[in-house]
Amino acid sequence: MQELTFEKINTTVLDTLSRPGKRYWTVIALLFCGVVLGAACWAYQIFEGVGVAGMNTPVHWGTYLINFVFWVGIAHSGTLISAILFLMRAGWRNPIARAAETMTVFAVCIAGLFPFIHLGRVWLVFYMLPVPNQRTLWPNFQSPLIFDVVAISTYLTVSSLFWYTGLVPDFAIIRDRSVGVRKKIFRVLSLGWSGKSGQWLHYTRGYLLFAGLATPLVISVHSVVSWDFALGVTPGWHTTIFAPYFVAGAIHSGLAMVLTLCIPLRKIFGYERIITVHVLESIAKTIVFTGLIVGFAYGTEVFIAWYSQNIIEMESFRWRAFGAYAPEYWIMVICNSVIPLLFLFRKFRTKIVWLFVISVFVNIGMWFERFVIIVGSVAHDFLPNAWGHYRPTLVEGGIMLGAFCLFFFLFLLFVKHLPSVSMTEMKEHIQHTE
Amino acid sequence: MNTHATTITALFKSEEDTLAAIREIREHGWQVTEVRSPVPAERIAEALGRGKSRVGWFTFAGGVIGFFSGFSLAAFTATRWDLIVSGKPVLSWIPFFIIAFEFTILFAVFGNVLGLLTQLGLPEKDYETNYHEECSGDMYGIEAVADQSEAERLKEVVGRTGTVKRADRMDE
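Protein chains in written order, with my numbering: chain A, 1 to 434; chain B, 1 to 172.
Hints should not be assumed to be uniformly reliable.
[Unchecked claim] Within a straight-line C-alpha distance of at most 27 Å, the following computed DSS-like cross-link-like pairs (lysine-lysine) qualify: (1) Lys-184(A) with Lys-351(A); (2) Lys-183(A) with Lys-13(B); (3) Lys-13(B) with Lys-8(A).
Think of the hints as simulated: they come from the structure by calculation, not from any bench.
Between the sequences and the hints, there should be enough to build the whole structure, so can you do that?
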């Protein structure tokens, strides 16, 4: 870190914006094919009807809502890193804050697509919005689903504005070192930023306020997502633990995704001196913390089911662990609560391969957590004659694959066209540590 | 602005050098009209006598407007059809508080952005006046004004610790 200078930071980051090679465009093309496949599957569903998905009585919430919750969760750690750790003055956040914020914006966009897909008749989506109409029909603001519409749209707007605000000084750096069309583009994007003392004064205040507002927002958004379930009387859902449990899970999955993205980014772009092993180790330590909270929540759910002596609640949790979806349940427990404990050992926290492998396991585990919560509860609720099973169809698989491809497609476009590390925040960091 | 004044821009390598130059320029009775830096520099802002930022007031106003807008929207729409749904009162304040909370954050952020744009003076078309590209790299740029007769002396003073980039005569 001592070797870094302001100019070195600029050149390292600006080098990543050089003209990409064939391999980059090949990967982009492959991911685009995945996006087209997903779009084709969605188009097929629109023409044929939502029946082409595997959702049916009693499971009407399938992979679309699993993916919705998953991507909202992924989005959350971007705000944790950019806002909460900013307020706590955690210096290790600076090198990864930009990548994490970008991940947030793209993940919320993708999450926001899934309720549209789940609706089936997507052209009626405006029913969820408070649009004046002659029948004076309005959304029911007592419903957690409408809380969700408000919360997710707020989160998307706030995280996009926060992201752009952070980029403005960096756009000015690129503008000053570009020529031709690129200079013109960045001249517009940088809004004429020139780093005047008055500009920095207001900017730092505004950024601090952004962080202060984003912090309660991020906690409220995943709490609201959890209330989509917790306000229903379904066994396995109707608990007060859901909000903190979901927030911790969201941060757990998001941190894992930050590792999954930043490790290849660091290797490909030669960011080793900026995204140091210490930074990755700090993420790993935080994953141990969130993994323990998530593990505690799994245990608490089972304990409360037993302590309540409510036979339906007890049966619901017995079935989760030993019923038809037992493999999914144990994948969830092992990947989210057991495997991250390896990070208690320094060897696993400091070896890049282990960091990457464990982060992928956590991502898988968190996807299965949403599967277990959403499908596992409604497939086996009150009446034995209403119990059933759910299996995703190929159409749902195609849409899910398309969503993952879209996320990585957007992220790859970002890293080659915009600064993937905040040059300004890195400079501030080395200035304060000097 | 003085008649026959000269504006001199000079670049410095560190915040310390810049602060020292600001003090020296002022001691000679000349003016420092602007300082540009690659990172926030609180001590420079203090030295230039910049007051507190007023962005927070915009944020606060946005938040207050948002809170009442959220509550009002939820209450207004609920009273269009006075139907009791799931046994809940038509005006259910607890769920409406969640809408009000989200609107508070949303409008506070809009206020914050508005505050930033107005206080920062962005977008600024003629940002290039007295601007040097090194200021977005690793240099601190000072913009100082002196009477034309003292221009050479000013250049000499700032040139001791910094690099004089430009001297523009202004006749007003």
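Now the hints, each set against the structure:
Of the pairs offered as hints, the one joining Lys-184(A) and Lys-351(A) is violated, with about 43 Å between alpha carbons and a cut-off of 27 Å exceeded. A distance of roughly 26 Å separates the Cα atoms of Lys-183(A) and Lys-13(B); the hinted pair therefore holds under the 27 Å criterion. A C-alpha spacing of about 15 Å is found between Lys-13(B) and Lys-8(A), which places the hinted pair at or below 27 Å, so the restraint holds.
Against the hints set out earlier in the document, a violation occurs for number 1 only.
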